[in-house]
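S.K.: Next come the chains, spelled out residue by residue.
There are 2 protein chains.
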Amino acid sequence: MESDSSTATADSSTAKPLSRDNLGGLLDSVDAFLFDCDGVIWRGDSLIDGVAETLSFLRSKGKKLVFVTNNSRKSRRQYSKKFQSLAISVSEDEIFTSSFAAAMFLRVNNFPQDKKVYVVGGEGILEELQLAGYTGLGGPEDGKKVVDLKSDEIFEHDKSVGAVVVGLDPQINYYKLQYGSLCIRENPGCLFVATNRDAAGHLTRSQEWPGAGAMVAAMCAVTQKEPIVVGKPSTFLMEFLLQKFNIDCSRMCMVGDRLDTDILFGQSAGCKTLLVFSGCTSPSLLQDPSNKIHPDYYAGKVSDILQLSGP
Amino acid sequence: MESDSSTATADSSTAKPLSRDNLGGLLDSVDAFLFDCDGVIWRGDSLIDGVAETLSFLRSKGKKLVFVTNNSRKSRRQYSKKFQSLAISVSEDEIFTSSFAAAMFLRVNNFPQDKKVYVVGGEGILEELQLAGYTGLGGPEDGKKVVDLKSDEIFEHDKSVGAVVVGLDPQINYYKLQYGSLCIRENPGCLFVATNRDAAGHLTRSQEWPGAGAMVAAMCAVTQKEPIVVGKPSTFLMEFLLQKFNIDCSRMCMVGDRLDTDILFGQSAGCKTLLVFSGCTSPSLLQDPSNKIHPDYYAGKVSDILQLSGP
Numbered sequence: 001m002e003s004d005s006s007t008a009t010a011d012s013s014t015a016k017p018l019s020r021d022n023l024g025g026l027l028d029s030v031d032a033f034l035f036d037c038d039g040v041i042w043r044g045d046s047l048i049d050g051v052a053e054t055l056s057f058l059r060s061k062g063k064k065l066v067f068v069t070n071n072s073r074k075s076r077r078q079y080s081k082k083f084q085s086l087a088i089s090v091s092e093d094e095i096f097t098s099s100f101a102a103a104m105f106l107r108v109n110n111f112p113q114d115k116k117v118y119v120v121g122g123e124g125i126l127e128e129l130q131l132a133g134y135t136g137l138g139g140p141e142d143g144k145k146v147v148d149l150k151s152d153e154i155f156e157h158d159k160s161v162g163a164v165v166v167g168l169d170p171q172i173n174y175y176k177l178q179y180g181s182l183c184i185r186e187n188p189g190c191l192f193v194a195t196n197r198d199a200a201g202h203l204t205r206s207q208e209w210p211g212a213g214a215m216v217a218a219m220c221a222v223t224q225k226e227p228i229v230v231g232k233p234s235t236f237l238m239e240f241l242l243q244k245f246n247i248d249c250s251r252m253c254m255v256g257d258r259l260d261t262d263i264l265f266g267q268s269a270g271c272k273t274l275l276v277f278s279g280c281t282s283p284s285l286l287q288d289p290s291n292k293i294h295p296d297y298y299a300g301k302v303s304d305i306l307q308l309s310g311p
Numbered sequence: 001m002e003s004d005s006s007t008a009t010a011d012s013s014t015a016k017p018l019s020r021d022n023l024g025g026l027l028d029s030v031d032a033f034l035f036d037c038d039g040v041i042w043r044g045d046s047l048i049d050g051v052a053e054t055l056s057f058l059r060s061k062g063k064k065l066v067f068v069t070n071n072s073r074k075s076r077r078q079y080s081k082k083f084q085s086l087a088i089s090v091s092e093d094e095i096f097t098s099s100f101a102a103a104m105f106l107r108v109n110n111f112p113q114d115k116k117v118y119v120v121g122g123e124g125i126l127e128e129l130q131l132a133g134y135t136g137l138g139g140p141e142d143g144k145k146v147v148d149l150k151s152d153e154i155f156e157h158d159k160s161v162g163a164v165v166v167g168l169d170p171q172i173n174y175y176k177l178q179y180g181s182l183c184i185r186e187n188p189g190c191l192f193v194a195t196n197r198d199a200a201g202h203l204t205r206s207q208e209w210p211g212a213g214a215m216v217a218a219m220c221a222v223t224q225k226e227p228i229v230v231g232k233p234s235t236f237l238m239e240f241l242l243q244k245f246n247i248d249c250s251r252m253c254m255v256g257d258r259l260d261t262d263i264l265f266g267q268s269a270g271c272k273t274l275l276v277f278s279g280c281t282s283p284s285l286l287q288d289p290s291n292k293i294h295p296d297y298y299a300g301k302v303s304d305i306l307q308l309s310g311p
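Each protein sequence line maps, in turn, to chains A and B. Sequential numbering of the first sequence, starting at 1, is according to the numbering used here. Sequential numbering of the second sequence, starting at 1, is according to the numbering used here.
Don't read these hints as lab results, they were simulated from the structure. Yeah, the Cβ is synthetic: ideal placement off N, Cα and C, and Gly gets one too. Some hints here could point you the wrong way.
To be verified - Computed, partial: chain A to chain B, Cβ under 10 Å: (1) Ser-46; (2) Gly-50; (3) Ala-52; (4) Val-146; (5) Lys-159; (6) Ser-160; (7) Gln-207; (8) Val-222; (9) Cys-249.
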């Protein structure tokens, strides 16, 4: 689904194709570029063509680079290692994951340290919870647990769980759905936090896979409750980002491949927005009359920035 | 949560408590009683007090008995065996399960026999599909399958799958979500059929567990599509029931423990309705101002019929 910039011919009432004419103005008006990762920087474990050179180019122009991802399977530390393995130098401080967002949400809401957090999701959430001083339960450890469903079975759950965090979980099972829903329904005041609600994501190079939205929807159906969403398009993370970089939102540009998360997030925060077609959005999806989310600019892929700036 | 009829003091704008005064009129005006099973006849594998005697009483009065359940884990044959094991004689013809409904839906829509059906759910769906002449894939067999998510992994799916049936699946996993969603998204014209959307059910005696609604919601989230629902509250099964029993809907009474499935189903079909509090609905839930579904009658449990008819 990757398309060259020359084929990025989507039209929309407001979105403009990134071009030699408008790139200079965009670069002048922006001090920081916020990048989504999956479908923008890489697909699966493969870097998208020209990304490394484009990031170097932007750094050479004095632009701050920030990576804001809804992927909760990794912690910030693990993400930094993934960048390293792809020969791109990015520090933990420049990375904002939805796993980190979940832990920060609990911290800013003074979630008590003696309460536990049940995790339907990956190692990244557990690691961020631990770094924030919290005790996580569940996660990969519960991935192999099965339930008997014998008539007299009593499914026990920890009454000291005060929050359930749901993220993308390739080891989703019935045990976790029951555990999480019992905590939410039966533990007084138990929080229901979703890292994000993405329908699907490019977990491998050539295919989309069920996203956190699937696990969150299942938990909503059982509990008949709606979660607090901390990842994109929620702008919850923005205040941490502002503290760190001290740049006005209007001088940031969010670069992403998803209209309903990345572009909506950027617009909600007051950033400029650039949609790339290297991930899950096609030009025809942008053009579809049912689509109400229009970025400021669109391009085939991130490296169009470098290409259009050249001689 | 079982409550005696004497404690069934719910009030509502339209619902009346079943009483000695109105029971005679109800019995006279009804030729067939339609019963939900889980939370009405049994809870888990335990018969609810007085059910056997009440069913015998109704049969002795010449009433037809029909069992209409959203439980898709069993086939009609398996359900009949469950009744037998509880010392209640019920024939397969008197049982209408959502697994049967799924197979009948495909048949009345002339689903081609050379197309396959992918099942996210239990053995009951596979058995009913087979009885209807269809080839099912998935189900329990895929319960232990795991995905690698290596960058170059290609997840293959059968292009001849023309329908995905989703029901309650205690062996739900990521593999099945990916398989079903690929069929729905990539196989042209592939149907998305849900046995039902119940949030939760009493799979064991003392606890509720995630219902088919959880698996269906997850599949909806991934595919961004809505299913065709064949179980309650859809009245799809009613035409089969009418063919079999030749009784006017207005002379039927639907007895169930769920407002949004059983009572809504009965009302949609033009039946009389009796809510019992032996399952997932409490008197306070019936009374709650947010509840818009009001049965004709309510009672503590099925055996109130017998008790109120006595001397």
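S.K.: For each hint, tell me whether it holds in the structure or not.
M.R.: We went through each hint and held it up to the structure:
no., hint, in the structure
1, Ser-46, "holds (6 Å)"
2, Gly-50, "violated (19 Å)"
3, Ala-52, "violated (17 Å)"
4, Val-146, "holds (8 Å)"
5, Lys-159, "violated (15 Å)"
6, Ser-160, "violated (19 Å)"
7, Gln-207, "holds (6 Å)"
8, Val-222, "holds (4 Å)"
9, Cys-249, "violated (30 Å)"
Checked against the numbered hints given earlier, the structure breaks hints 2, 3, 5, 6, 9 and satisfies all the rest.
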